[in-house]
Structures are given as structure tokens and as C-alpha cells.
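Asker: Sequence:
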Amino acid sequence: MTSAFDSRLVEVDIVLPGQTYTFSADSQGFAILASGIKFGNANMNTCECRIYNLTAELRNTILTLAPPSSTRPPTILRRDRENPSS
Numbered sequence: 001m002t003s004a005f006d007s008r009l010v011e012v013d014i015v016l017p018g019q020t021y022t023f024s025a026d027s028q029g030f031a032i033l034a035s036g037i038k039f040g041n042a043n044m045n046t047c048e049c050r051i052y053n054l055t056a057e058l059r060n061t062i063l064t065l066a067p068p069s070s071t072r073p074p075t076i077l078r079r080d081r082e083n084p085s086s
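For the sequence shown, the residue numbers in the UniProt record's numbering are 1 to 86.
Treat each hint with caution, since some may be false.
[Stated by the list, open to error] Capping the alpha-carbon separation at 20 Å, the derived lysine to any residue pairs in SDA-like fashion look like this:
{"#": "1", "residue 1": "38", "residue 2": "83"}
{"#": "2", "residue 1": "38", "residue 2": "74"}
{"#": "3", "residue 1": "38", "residue 2": "10"}
{"#": "4", "residue 1": "38", "residue 2": "68"}
Just so you know, these hints were derived from the structure itself, not from any lab.
Turn these sequences into a full structure, and let the hints steer you where they fit.
Answerer: Pasting the structure below:
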């Protein structure tokens, strides 16, 4: 039986000093939840990304390089749909 919906492909890049970390829900086993608001005017767009299943070491590395008290690091959210017919 075929699904009426294509699978979602989600990737998040976090740009930290010295390295960019890429998290993929497909190949790396991370669970990524993202929601946001995009405006068509001068308001700033917003996005919240939650990445689950990080190792303690990776989580501590991110928190050390980008502590919550400092400015937020640049984050890139990419999403697409898997096309089973191609």
C-alpha cells in the first residue's frame, strides 16, 4: 500500500566558532521538531528547532561554544519531501 504523503527530509545546521554542525533526521537518527513564522513585512522571521537524541558530549560541546546567555548562533533549517517515484 502506498502512502498519500511523502516522507519529510529535515536538516539543521548550527554555525559555531570553528565548525558547522549538521543534524539530519534521516541518516543520523536525530528527531528534529521545527516550527516558525515567516512574515511578508519588516518583522523578523522566527524559528524554533528542537533536536532530540543528541549525545551528552555533543550537547555539552554546543552549550560550551554557544551558551544560552550569549547571542544565538546562525542556524539554517532545510526541509524537503522525499519523492518515491524518482
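Asker: Each hint should be assessed against the structure and marked as holding or not.
Answerer: Right, here's what the structure says about each hint:
no.	hint	in the structure
1	38 / 83	25 Å, violated
2	38 / 74	17 Å, holds
3	38 / 10	18 Å, holds
4	38 / 68	23 Å, violated
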